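Using the numbering used here, you'd call the opening residue of the sequence shown number 111 and step up by one each time.
I should point out that these hints are in silico values taken from the structure, not numbers from a laboratory. Source: prediction; values computed, not measured. Please note that a few of the clues may not be correct.
Unchecked claim - With beta-carbon atoms standing in for the labels, derived distance ranges:
| hint | residue 1 | residue 2 | range |
| --- | --- | --- | --- |
| 1 | T116 | P189 | 20 to 30 Å |
| 2 | A172 | K123 | 51 to 61 Å |
| 3 | N139 | S164 | 17 to 27 Å |
| 4 | V126 | R167 | 36 to 46 Å |
| 5 | I160 | L138 | 48 to 58 Å |
| 6 | V157 | M183 | 21 to 31 Å |
| 7 | R177 | I114 | 19 to 29 Å |
| 8 | S164 | L141 | 48 to 58 Å |
| 9 | F185 | F128 | 44 to 54 Å |
All C-beta atoms, glycine included, are put in the ideal place defined by N, C-alpha and C.
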Amino acid sequence: MALIGTLREKMTKWVVGFVAIAILSFILNDLFGNGPRSVLGGSDEEVAEIAGTSISREQYQAFIQERENNYIMSFGRQPG
111 MALIGTLREK MTKWVVGFVA IAILSFILND LFGNGPRSVL GGSDEEVAEI
161 AGTSISREQY QAFIQERENN YIMSFGRQPG
């Protein structure tokens, strides 16, 4: 029983430290990340990069619209 109490006391500090580091890493990633939702960086125009080719928001929307039109032509109804 004394062993469990000792582990509980010592491991609490490690667990709190680990959680604090994890939260801090998520915050820093949001601030300094390179994605479109980043606070200090990123571009609103680029939504993806595939094999080194940037995909703009307009290209993505055109692709989705084309796929929806193909679905409607094939099945005669809206997707969903």
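Evaluated hints:
1. For T116 paired with P189, a C-beta distance near 59 Å fails the hint of 20 to 30 Å.
2. Distance hint check for A172 and K123: the Cβ-Cβ separation is about 54 Å, which falls inside the suggested range of 51 to 61 Å.
3. Taken as a hint, the range 17 to 27 Å holds for the pair N139 and S164, whose Cβ atoms sit roughly 21 Å apart.
4. In this structure the hint that V126 and R167 lie 36 to 46 Å apart at CB holds, the actual value being about 42 Å.
5. Taking 48 to 58 Å as the suggested C-beta distance range, the pair I160 and L138 does not conform, at roughly 27 Å.
6. As the Cβ distance of V157 to M183 is approximately 26 Å, the hint placing it in 21 to 31 Å holds.
7. Checked against the given bound of 19 to 29 Å, the beta carbons of R177 and I114, roughly 58 Å apart, lie outside it.
8. As the Cβ distance of S164 to L141 is approximately 23 Å, the hint placing it in 48 to 58 Å is violated.
9. The hinted range of 44 to 54 Å is satisfied by F185 and F128, whose Cβ atoms lie roughly 50 Å apart.
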